[in-house]
Amino acid sequence: MIHNPQGAAWLVWLESSAVAVAMRQWLWLYPAVEVLHIAGIAALVGGAVMFDLRLLGVSRGLPVAALAAHLLTWSRVGLGLMAISGALMFTAHATEWAENPAFRVKMLLIIAAGLNAWAFHRWPFRSVARWDREVPTPPRARVAAVLSIALWLSVITCGRLLAYL
Amino acid sequence: MRYLYGALLAIALSTGPALAHHGWSGYDSGKTMNLTGTIREAGYEHPHGYVKLEVPGKTWFVVLAPPSRMENRGLQRDALTPGKSATVVGYPNRADPNELRAERITLDGKTTELR
Chain S
84 MIHNPQGAAW LVWLESSAVA VAMRQWLWLY PAVEVLHIAG IAALVGGAVM
134 FDLRLLGVSR GLPVAALAAH LLTWSRVGLG LMAISGALMF TAHATEWAEN
184 PAFRVKMLLI IAAGLNAWAF HRWPFRSVAR WDREVPTPPR ARVAAVLSIA
234 LWLSVITCGR LLAYL
Chain L
19 MRYLYGALLA IALSTGPALA HHGWSGYDSG KTMNLTGTIR EAGYEHPHGY
69 VKLEVPGKTW FVVLAPPSRM ENRGLQRDAL TPGKSATVVG YPNRADPNEL
119 RAERITLDGK TTELR
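Quick mapping for you: the protein sequence lines, in order, are chains S and L.
What the first sequence shows, in the working numbering, is residues 84 to 248, in sequence order.
What the second sequence shows, in the working numbering, is residues 19 to 133, in sequence order.
Derived by calculation from the structure, the hints in this document are not laboratory data.
A virtual CB, placed ideally from N, CA and C, is assigned to each residue, including glycine.
Careful: at least some of the hints might be erroneous.
[Said to hold, decoys possible] If we take Cβ atoms under 7 Å as the criterion, some of the chain L residues that face chain S in the derived model are:
{"id": "1", "residue": "GLY41"}
{"id": "2", "residue": "GLU63"}
{"id": "3", "residue": "PRO85"}
{"id": "4", "residue": "SER86"}
{"id": "5", "residue": "ASN90"}
[As the list claims (entries may be wrong)] Far from chain L by the CB rule (all over 12 Å, computed), these chain S residues:
{"id": "6", "residue": "VAL104"}
{"id": "7", "residue": "ALA105"}
{"id": "8", "residue": "TYR113"}
{"id": "9", "residue": "VAL132"}
{"id": "10", "residue": "LEU139"}
{"id": "11", "residue": "ARG143"}
{"id": "12", "residue": "PRO146"}
{"id": "13", "residue": "TRP206"}
{"id": "14", "residue": "SER210"}
{"id": "15", "residue": "ALA212"}
{"id": "16", "residue": "VAL218"}
{"id": "17", "residue": "THR220"}
{"id": "18", "residue": "PRO221"}
{"id": "19", "residue": "ALA246"}
From just these sequences and the hints, can you work out the full model?
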């Protein structure tokens with residue numbers, strides 16, 4: 084069996100590693116890692132979007148701070164699962180993925196989504212005690228919520244597209 | 019955001035077409051091809067197996083099914099050996115003139131459906 088990746092040295096090294104070979108050759112490893120990746124995005128995007136909908140005014144009776152503590156914890160767990168499973172799938176075809184336009188856009192979108200979440204916690208979320216329940220959320224929090232939904236849906240779109248482009 | 023999307027679009031457009039072989043929509047099912055040749059290289063690999071099939075005048079990169087599906091249908095890893103003769107029925111990639119996605123493959127007189 085010949086596998087002869089072409090590209091940057093570190094990508095070739097990654098793609099020639101024992102982990103990458105196992106990912107390509109073991110019968111059920113790749114599909115199992117895909118399952119983890121999907122479970123990860125369900126937790127990550129599910130939690131984030133439920134929280135974003137609350138910021139946009141859905142279910143105003145639910146306290147924002149408590150929802151953040153609950154939902155966003157699971158989003159972080161999901162992010163961890165995605166990073167691990169995503170890195171494993173990346174190694175299997177590192178040189179190919181690195182050249183894939185959908186993959187590059189996906190990585191940038193994830194960075195953008197991360198910055199958006201960071202900015203939300205850094206600014207509007209600081210004053211959550213003033214708009215925790217039954218009052219409209221500040222416009223900046225709503226903007227962050229819309230961006231979050233748009234960015235994560237775009238990440239999912241790129242994730243699917245990279246198998247087709 | 020406008021700048022962000024502009025930048026993303028620029029990156030997407032600046033990179034050439036990349037190798038990818040998942041969905042069937044990238045293959046022209048209106049042009050069914052029937053090729054018989056010699057396997058020069060084979061991969062029983064995720065996400066899809068492949069053979070490089072040499073036919074007179076050309077070597078095709080033939081995309082097969084995921085190895086778990088091939089095994090399930092009785093096409094074992096050692097059936098794809100370089101030097102062996104193989105017949106594939108499939109469709110050419112719309113963008114890559116050297117790539118074919120196989121609907122079925124015949125090896126040693128045994129046909130395996132791949133879709």
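Against the structure, the hints:
no.	hint	verdict
1	GLY41	holds (5 Å)
2	GLU63	holds (4 Å)
3	PRO85	holds (6 Å)
4	SER86	holds (5 Å)
5	ASN90	violated (10 Å)
6	VAL104	violated (9 Å)
7	ALA105	violated (10 Å)
8	TYR113	violated (4 Å)
9	VAL132	holds (18 Å)
10	LEU139	holds (17 Å)
11	ARG143	holds (26 Å)
12	PRO146	holds (29 Å)
13	TRP206	holds (17 Å)
14	SER210	holds (24 Å)
15	ALA212	holds (29 Å)
16	VAL218	holds (27 Å)
17	THR220	holds (20 Å)
18	PRO221	holds (19 Å)
19	ALA246	violated (4 Å)
Checked against the numbered hints listed earlier, the structure breaks hints 5, 6, 7, 8 and 19; every other hint is satisfied.
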